[in-house]
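Residue numbers (the numbering used here), protein chains in the order written: chain V, 1 to 508; chain E, 1 to 144; chain U, 1 to 101.
Hints should not be assumed to be uniformly reliable.
What the hints assert, rightly or not - Computed from the model, here is a short list of chain V residues facing chain E with C-beta under 10 Å:
1. Val-29
2. Met-32
3. Leu-33
4. Glu-35
5. Ala-36
6. Val-37
7. Gln-301
8. Tyr-358
Claimed, not checked - Derived pair list, reagent style DSS-like, types lysine-lysine, alpha-carbon separation capped at 27 Å:
9. V:Lys-39 - E:Lys-100
10. E:Lys-132 - V:Lys-45
11. V:Lys-158 - E:Lys-132
12. V:Lys-45 - V:Lys-202
13. U:Lys-26 - V:Lys-158
Because the hints were derived from the structure by calculation, they are not lab data.
For every residue, glycine included, the Cβ atom is placed at its ideal position computed from N, Cα and C.
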Amino acid sequence: MNEPMTPSMIAFSPALRILPEILMTLTGVLVMLVEAVLKPRTSRKPLGIVAILGTLAAIAASVYQLFLPAGTAFFGTVQSDAFSVFFHLVIGCIVLVTLLISLDYFEGHTSFVGEYYALILFGATGMMLMTCSVELLMVFISLEISSISTYILAGYRKRSATSPEASIKYFLLGSFATAFFLYGIALCFGATGSTNLYEIAKGVADGASPLLLTVAFGMMLIGLGFKVSLAPFHVWTPDVYEGAPAPVVGLMSTAPKAAAFAVLLRIAYGAFGTAIHIWMPLVWIMAVLSMTIGNLGALTQRNVKRMLAYSSIAHAGYLLVAFTALAPMGIAAASFYTAAYAAMNVGAFGIISYLSGYNEARTSLSDFAGIARRHPVAAAAFAVFLISLIGIPFTAGFFGKFYVFTAAINSGNAWLAVLGLLNSGVAAFYYLRLLAQMYMVPVEPPREADTAHARPAFILAMAILVLAVFALGIFPGRILDLARAGAATFSGPANAASQTVPVALLRR
Amino acid sequence: MLCAWTVSLMQTPNYFWNYVPLLLQILAAVGLSSFIVLASWLIGRHRPGKVKLSTYECGMVPQGDARGRFSVRFYMVAMLFILFDVEAVFMFPWAVIYRKLPGITGSRFFGFWEMLVYIGFVLVGYFYIWKKGILEWSKDQADL
Amino acid sequence: MTVPIVWYLVLSAALFSIGVCGFLIKRNIITIFMSIELMLNAVNLAFVTFANHWHQVSGQIFVFFVMVVAAAEAAVGLAIIISLFRSRNTLNVDQIDLMKL
């Protein structure tokens, strides 16, 4: 599309468009190779530190991409713009924090720890690539890179009974969803003769076989709906979140979802932007179903990880509400919500991984009784994340919801906003029940499993997340500006506006 | 005569007639093979013995049930074969248009370096499984 | 004289539907996995058909990638199935129910 035509640009530019992905891949390969030559009993902690450094480099590279003029590379397959940078930063930060949480998680379990870090890095590469792909082939490959990595990570505690079960469920339903997504791509290709999003947009605008396109979009929505656990494609979520290790759940409940939502935004607003009537009803129904099923399901859960799984379904529903808003505002609201949701959810699962340890000692609601007395700081952090998940003012969750529902109301979807608010009321009940368990119920006699003590890396991770939750709730300005700049890249394929916006943003 | 009949059928507009030769071929194959089997069964004498009825296993004495459990190493080798086999698939289209690549990519060595990067990643995988001890069948060092 | 494009698409849709039904009905994990592979091959057929229709190679290139990704998925999926079988000694989905409501 907007291929840079001068010879010098071609010589240096394409690699810079995917610089964060290149850095992530090289770090992952390095970790994998070093793991292969290390002796079995040596500590794998240095590998984790290498992974963290690589992630930091990738985040820096994403920020650097803001200074590049927006445009495509590699024959129109990837596009780096403010939108992709926004999601790169969200995913990069999630991965960074997950690595920090995981650094001391594997105390005494040295086998396959190097692979764990490598898989997180490879998965992150796939997710980042998803957000900057403008070619459905690229989207498919990167989706699979991220999915296959997370299938393995979900089954990481392979000696336990639940982890392989979580893994197989995730794998089977994930592959099922991929097949639907692929069929959607095939039909899209059939209707428009291309798999490039801009070419598809042209075809859609020209009115190429509407029936085929409707089915194609429906198929792609089913595929991505599975990946982001939207009702009615959510059935795998509670089982997988219950069986997978807690730090991995923190990662896979946020980062792949952020990436899949980015793809969905690119497809819905970018490729099908002139055919909103095709997808608006579908999105409407899925938003309502996800919010309601998620929150009602969470009410009946006794297992905290399952409860948070249902809550994540509900949050995917809130996020989908933003899709029904008009283009720039809806995109910005959805982007912002992924960031806010990522901060609070990774935090919640981080605290769970700390409190229950590698063997998942604490699972049910009653296991969290009196935590506030025994681990006051961890309980306080958990409280912050839960309060943010409820959506109480001065937290990220509040501002995210506020922005999403405002966008919905402004575009005439007041009913959806009302349903969302009612749902938030229901949701408050089960979050508060967990909070009450932690703070109101007296301490039980200490148990053997309760040997958790915080390490510097974990404390750093939690500090970052608590700060992020408050920063997004109180000073959302800069992140919001970036989200808006990202949304602005959808207004025209030439991206003339976005060339100047992000740089001005940084100078502010 | 049959041939002329087929040719005349192929010229009729219904394109299904295109497949009549195929149908004839199938009929001939099925007919001939069933004729041979039936004829030998009818003409030949039946004297079944213990050795004749046993499963033939390349000259070895058959033992055990075929559905027993195998070592997981068979799976590892099979899977690695499939992966490295399929990875080679990308080299064929690349090789076919290699000479045209400079014209397509606008750069003389772009296609060459891309394939080198790709092969590099394949080699990284090879190095990994080698160092992990998957390729050494007898040494039980890999933690499967 | 060639087969009309619609017939290929109908075949592809039928294969895909058989795959979906197999996925939903079958109880053995290996069979379920094979159903998914069938769905992927149905997609491949659709891609090749459309590539022929539009006279574009990109559809066939897509098939290459789908096949390679399917192989990678098979490697990982079968590994997960083996690790599941080791911990449970069954591949019947009705018995893999430790985590249910």
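For each hint given before, does the structure comply? Return the numbers of the non-compliant ones in rising order. Going through the list in order, the structure violates hints 7, 8, 9, 12 and respects the others.
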